[in-house]
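**Q** Residue strings, one per chain:
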Amino acid sequence: MPNDFGAHPLPCWIGRVSGLDEQPLPEPWAAWESRNHRLAWLALEQDGFGEQARAAVNRYGAARVALVLGTSTSSIDSTERAYRELDSDGRFDPAQRRSPVHEPHALAAFVQTLLGTTGPCVTIATACSSSAKVFACAARLLQTGMADAAIVGGADSLCDSVLFGFNALELVSRDPCRPFDAERGGLSIGEAAGFALLERPEAAAAAPRLAGYGESADAHHMSAPHPQGLGAQRALEDALARADLAPRDIDYINLHGTASRQNDAVEAELVARVFPATTLASSTKGWSGHTLGAAGILEAAVTLLAIERGFVPGTLNSRTLDPVCGAQIVLDNRTRRVRAAVSNSFGFGGNNCVLVFAGSA
Amino acid sequence: MSTLEVAIEGIGVWSPEVSGWDAARAALGADTVPPATASRPAAESLPPAERRRAPEAVRVAVEAARQACAMAGRDARELPHVFASCYGDPVVTDYLCATLARAPHELSPARFHHSVHNAAAGYWTIATGCMRSSSAISAGAATFGAGLLETAVLCAGEKTAALLAAYDVAVAGPLVDVNPCRSVFGVALVLAPSSPRALARLRLVPCAPVRSGAELAPEPALLHACHRDNPAAQGLRLLQALARREPVLNLAAGPKLNLRVEIMS
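Protein sequence lines, in the order shown, are assigned to chains A and B.
Residue numbering for the first sequence follows my numbering, starting at 1 and increasing by one per position.
Residue numbering for the second sequence follows my numbering, starting at 362 and increasing by one per position.
These are computed hints drawn from the structure, not numbers from a lab.
It should be emphasised that the depicted structure is a prediction, and the values quoted were computed from it without experimental measurement.
Just so it is clear, CB atoms sit at the ideal spot from N, CA and C, and this is done for glycine as well.
Take these hints with a grain of salt, some might be off.
Which stretches of chain A does chain B cover? Using the computed rule of at least three CB atoms under 8 Å from a CB of chain B, they are [as the list claims (entries may be wrong)]:
{"#": "1", "stretch": "74-80"}
{"#": "2", "stretch": "126-138"}
To list a few chain A residues with every Cβ distance to chain B over 12 Å, as calculated [to be verified]:
{"#": "3", "residue": "54"}
{"#": "4", "residue": "273"}
{"#": "5", "residue": "314"}
Across the chosen pairs, the derived CB separations fall in these ranges [stated by the list, open to error]:
{"#": "6", "chain 1": "A", "residue 1": "170", "chain 2": "B", "residue 2": "462", "range": "44 to 50 Å"}
{"#": "7", "chain 1": "A", "residue 1": "22", "chain 2": "B", "residue 2": "605", "range": "54 to 60 Å"}
{"#": "8", "chain 1": "B", "residue 1": "363", "chain 2": "A", "residue 2": "174", "range": "48 to 54 Å"}
{"#": "9", "chain 1": "A", "residue 1": "334", "chain 2": "B", "residue 2": "470", "range": "35 to 41 Å"}
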């Protein structure tokens, strides 16, 4: 939708979750008020997830359930507001002096309060790979016996920091973003929240599997990807190796595909270099916008839906693919069996995470 | 009960009162508070251009990390790492929010990309050329304990040596009323699954908090006098136990989670 966020909307498009402004948190949680926590609350109570999470806490015991959430900007929307409403001494209005809200860990602390977990609880904040890395972190907690189940996920909501920040970096498109299009003009910012419950395979035989994960750094630049995509390739190869799968085994890739000039060129070249033409790939940011720290969990969900439904989403808004794209990248929706699929997430600071999901064994 | 065992191969510390494990060990062993003599870390491992641009939070994290790798005799490129900070870079947060309230179109693009919580980890990878797993975490007041657990899990799960760098710097502007951190502190550890050159071996046992809190490791004088509100400086409890060869301590790893740390030399 055209940007209508905040007092001075920039001329761009946003992926805005409707109704958040009219849905305050229930009274017992009023001290946690923020746009990000409203969004997290909404996601948590969808599809019966909250019930399933609480059932897992009862089943395993609160101390044996880990909580690992990703966010890039946490509740900075509330901090921005507090700065707009400073009192005459330049201090926060008493209504905004809500300590737990104004820090990076606020989201996980809030969700921990809601779900009652007492196991390991950590926020991963690695920009746009945050809520992809939560899967890797949780997998290790289960592997090392530090937890028997993990609730993972993340949330990032619209705020002035990211709208004006990405605008200052000249990365925001005036029109709806067109990932991998030859004429793409940058990203559209969105907001999302999502959660997943991870258990050991033997505890949930019918569930889809996290088959592998790979994490790496570019060691190149704070806000530009490695020009040959070496960091991303390293994460991809690590993820495939853990999954014990070859590129030809991957039926679908949900690409990072932000529609920035650089990201899409580097990522398209990597896909064309590594995968056969039988692997289909798309970016779903034309639907959602770039949801930043929530992109990992949102796109993990899309990837899992592709496996469950045998459906490959196309690349919305894009019309003519950039010539660097290989045969893998599709513009239109496809129907096909998806046995194993990859989700790419790359963030500022050159932070990469690649996840591999597969259908139940 | 689930436990993790890791070896400590290297320690780095930076605060205005102590820089380096030798100085920290002396102060913590005697439980004294040295005068503040340094105003900012040298951050020698950053290339000159990055060093000029790097904010204080990055410099303190990178300096502690450099010291720990040097003591461990490890090539930083080989170490996956966890950068743990409760507040990240609150100076940039203050700048962003103040600018957005006043003149949002004047926001600096360079300071915006410094606002990501993984700025210090990103600078570290650029400075060292490390392309391994790079994480940036936060866990509120328990950030140090949670960071130690996260790094030990990485170490044990991936069967690799790994680096933890925990840091927090003074909160700027009106945020200090809600996030009352007023000091600068960084601590780093190089951990390994097992090691012939270990300074100490740790057995970590997550457990429920003790009711009274009395069993938490005693508060070192340096922590009490200079860094009480600095979440990263909770690491001083572990450093003091190492300096004094205490056999065991408890660290907070969450509001309802403690980490019992048994120290085996």
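**Q** Against the earlier hints, flag every one the structure doesn't satisfy and list their numbers going up.
**A** 6
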